[in-house]
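Novice: So the sequences go chain by chain: A and B.
Residue numbers for the first sequence follow my numbering, so the first one is 1 and each next one is one higher.
Residue numbers for the second sequence follow my numbering, so the first one is 1 and each next one is one higher.
FYI, nobody ran anything at the bench for these hints, they're computed from the structure.
As the structure is a prediction and not an experimental result, all values here were calculated from the model.
Worth double-checking, as some hints may not be accurate.
Stated by the list, open to error - Under the rule of at most 27 Å between Cα atoms (straight-line distance), these lysine-lysine pairs were calculated in the DSS-like manner:
{"id": "1", "chain 1": "B", "residue 1": "K410", "chain 2": "B", "residue 2": "K465"}
{"id": "2", "chain 1": "A", "residue 1": "K96", "chain 2": "A", "residue 2": "K7"}
{"id": "3", "chain 1": "A", "residue 1": "K96", "chain 2": "A", "residue 2": "K136"}
{"id": "4", "chain 1": "A", "residue 1": "K6", "chain 2": "A", "residue 2": "K198"}
{"id": "5", "chain 1": "A", "residue 1": "K265", "chain 2": "B", "residue 2": "K283"}
{"id": "6", "chain 1": "B", "residue 1": "K268", "chain 2": "A", "residue 2": "K265"}
As the list claims (entries may be wrong) - Now the stretches of chain A that chain B is said to cover, found in silico as 3 or more residues with beta-carbon under 8 Å:
{"id": "7", "stretch": "21-32"}
{"id": "8", "stretch": "115-123"}
{"id": "9", "stretch": "152-160"}
{"id": "10", "stretch": "211-225"}
Where a beta carbon is used, it is the ideal one built from N, C-alpha and C, also for glycine.
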Amino acid sequence: MHRIVKKEELAPRIKLFVVEAPQIAACARPGHFFVLRMHEQGERIPLTIADSDPAAGTITMVFQEVGKSTCELGTLEEGDSILDIVGPLGTPRDIKRLDTVVCVAGGVGVAPIYPEAKAFHELGTRVISLVGAQTKDMLIFKDRMEAVSDEVHYSTDDGSFGYHGFVTGILRDLLAGGLRPDEVVAIGPLPMMRATCKVTAEFGVKTIVSLNAIMVDGTGMCGSCRVTVDGKTMFSCVEGPAFDGHKVDFEELMARQTRFLAEEKLAMERYQVHSEGCKCRRK
Amino acid sequence: MPAKVDRHPMPKQDPRERIRNFNEVALGYPADVAVGEAMRCIGCPKSPCVAGCPVEVDIPSFVKLIAEGKFVEAARKIKEKNSLPAICGRVCPQETQCEERCTLGKKGKPVAIGALERFAADYERASGTQAASEPAPASGAAGRVAVVGSGPAGLTCAADLAKMGYSVVLFESLHSTGGVLRYGIPEFRLPKAIVDEEVAYVKSLGVEVRVNTLVGRTVTVDELFRDGFDAIFLGTGAGLPHFLGIPGENLNGVYSANEFLTRSNLMKAYRFPEYDTPVWVGKRVVVVGAGNVAMDAARTALRLGAEKVSIVYRRSRAEMPARLEEIENAEEEGVELMLLTNPIRVLGDERGWVRGMECVRMELGEPDESGRRRPVPVPGSEFVIDIDTMISAVGTDPNPLLVRSVPGLKLGRHGNVIVNEETGETSVPGVFAGGDIVTGSATVIAAMGAGKIAARGIDRYIRAKRERSE
Ligand SMILES: Cc1cc2nc3c(=O)[nH]c(=O)nc-3n(C[C@H](O)[C@H](O)[C@H](O)COP(=O)(O)OP(=O)(O)OC[C@H]3O[C@@H](n4cnc5c(N)ncnc54)[C@H](O)[C@@H]3O)c2cc1C
Ligand SMILES: Cc1cc2nc3c(=O)[nH]c(=O)nc-3n(C[C@H](O)[C@H](O)[C@H](O)COP(=O)(O)OP(=O)(O)OC[C@H]3O[C@@H](n4cnc5c(N)ncnc54)[C@H](O)[C@@H]3O)c2cc1C
Ligand code: SF4
Ligand code: SF4
Ligand code: FES
């Protein structure tokens, strides 16, 4: 059992939990994720370790309520517990000191990108962060990102804050203006990561993406999370979730993300009826 | 003379009924039938059947006890050698082990040893007398051992060590114990309540179970030694699924058998949406492979609502590695066998879903290294079948995650851990291994046998170490 010691509502339908998980906190590194199961009937869902505090024995997770499991998770309060958490999973990022890194985050992707930006920053790398969201209210982790970045640029799809348009627009402007980072890190929805890779490919800039394939065990035993990278099948829970974005078959992954669409819809509808309207949607 | 009585058939659920539920197919012998079957045994003085059992269960003695109506005593007799009889009685490939050697099998049908083992274990469990036979919980004075993986190898090793007085912690990466018994073998063949009870028994011996702990990530082998464990047993199994390596295998609707069965068994997707994990199965399913795993996947697909399920296998019926009983069960339920057929391509639609499979007919040529006749494609015999779901059950490799993280651990060509077969010792002092991680995918009873051997090896190792330091 993992007690929730802190809950924060970062934006509509985006929540942050700090939970007790001392063994994971002790060895978590940027790029690691974990798998949780809320209760006996629950499914196993992967979330990124957005921060960890080995001294307090806690890890931080930030999640967006997109379906049944994440909506139900969002109803938990401080003091409640999560039944199972296993981690840290995945291959941690190999973070070295570089001259310049650009961190491109879309939506809730800013939470998983934060530990990487922080690690680069602590090594003395110049960190330029580009943070995009649908609208001003959905821009989260601003203070945290500003604390670990040399520059932060914002974009909103509706123009309510910062650059009006997609975050890739800022990236293109920066690269066209002559910026040549050693590496671009992109985390966010698949279309956003794919668009980022398109831009950086034009300029020949190495790009690392973090893939969110559908997982079950998260330990390499089922192959649910398989993706094609450089023409080869990889299990993203073990060999990833970070990969060279220019080699990822995004079309295939985007198709694979829809494998259980009908079931996800059914689960959500049933949940909304049972809970008389999901809390997250009512807000 | 009782030997003239025919072998008593196992009562089973009607195939038309059972494909609509996940309840156990084989119903078990009623007491009078068990006694009747037990009386067929002629108590051969040399008991050849015992030599066929990897853990040497004293078959004539326990069978005799059943014949005498001493059912609980029979169960205890089995447990002297086999701590998981309710499981082995159900899933052991008896026809190639104990029953194959049975004297009665030479002229007629062998004694139904597996069914009798199951009967005795079920009887003891139902009578609630199981706990009374338990030895005192481990004192821990002998030393501390970490057992990694809670499949049959790990469970057996942990139980044996606890009985010897060791303090044992059993680490499991999933949220639930049992290994393949939990996530692989379906409810209709091995009810999970039985796995729960066997695990409870191991816990009652004083074994501490820590689930959600991926050794190699959550905690490393080095850290376990630093935490004061005297020895470590690796029973991490062979759970890394193979794929065929043909085009189209990442299309939607293509599962590894591990994914399909894990969703259904471990995550109980067969009870979706009551349980949150989904599993999708279409109307027309093909399972590639012909082992127990393939049969389990095919029969699960039927129960999840598939209209037609076919097994596609490149060799002939004689080479099918699955247990005969399971092939029969599958056929009774309407699973079609497409033998001497090899898939060469999975075809998809524009949205990335499986729509068909291109196959080629095979014929058997010269024998290969395994002694089986090698299947060779018949030129020009390619054909396409319409399918919407494909399940790949073409084997698994030893789990690489942990064993690759242990420096100096000697591995074989397939990533299997190399051990001394008499002791279970690996190339790293204090690290032992057994079960599928050593042999590749094998059997429950073989994994248990290896767990037992390693427990003895660990005991000897720790004693020797203590003597040296005294
Ligand atoms: C390595 C990794 C790290 C992730 N980190 C975060 C994070 O930090 N914050 C965050 O908000 N989200 C993260 N995700 C995504 C998160 O796991 C999904 O949003 C969640 O599983 C959705 O479950 P649901 O029942 O609420 O929604 P559903 O309605 O079931 O699904 C919505 C969508 O989520 C995806 N999804 C569904 N089930 C799974 C699953 N078992 N595994 C992965 N994806 C699934 C599918 O694309 C699906 O269409 C991460 C995913 C991965 C693989
Ligand atoms: C679908 C299916 C049907 C089968 N049917 C039969 C049958 O009818 N009869 C028969 O005799 N055999 C059958 N088998 C084979 C049999 O189940 C296996 O040979 C046996 O379970 C192997 O036991 P094990 O203890 O070595 O490994 P497993 O049962 O695989 O258990 C290994 C355990 O270790 C855990 N683990 C792995 N890595 C780590 C780690 N790093 N840290 C912590 N835990 C870890 C895994 O989660 C798992 O729980 C079947 C197998 C399958 C897949
Ligand atoms: S354990 Fe298996 S092989 Fe041994 S007697 Fe029992 S059923 Fe036969
Ligand atoms: S070989 Fe068969 S008949 Fe003989 S003792 Fe064993 S079970 Fe009985
Ligand atoms: S989630 Fe099962 S192998 Fe990656």
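Novice: If a hint holds in the structure, say so; if it doesn't, say that too.
Specialist: Consistency of the hints with the structure:
no.: 1; hint: B:K410 - B:K465; verdict: holds, 22 Å
no.: 2; hint: A:K96 - A:K7; verdict: violated, 32 Å
no.: 3; hint: A:K96 - A:K136; verdict: violated, 33 Å
no.: 4; hint: A:K6 - A:K198; verdict: violated, 39 Å
no.: 5; hint: A:K265 - B:K283; verdict: holds, 20 Å
no.: 6; hint: B:K268 - A:K265; verdict: holds, 18 Å
no.: 7; hint: 21-32; verdict: holds (count 3)
no.: 8; hint: 115-123; verdict: violated (count 0)
no.: 9; hint: 152-160; verdict: violated (count 0)
no.: 10; hint: 211-225; verdict: holds (count 8)
The structure fails hints 2, 3, 4, 8, 9 (numbered hints given earlier, in ascending order).
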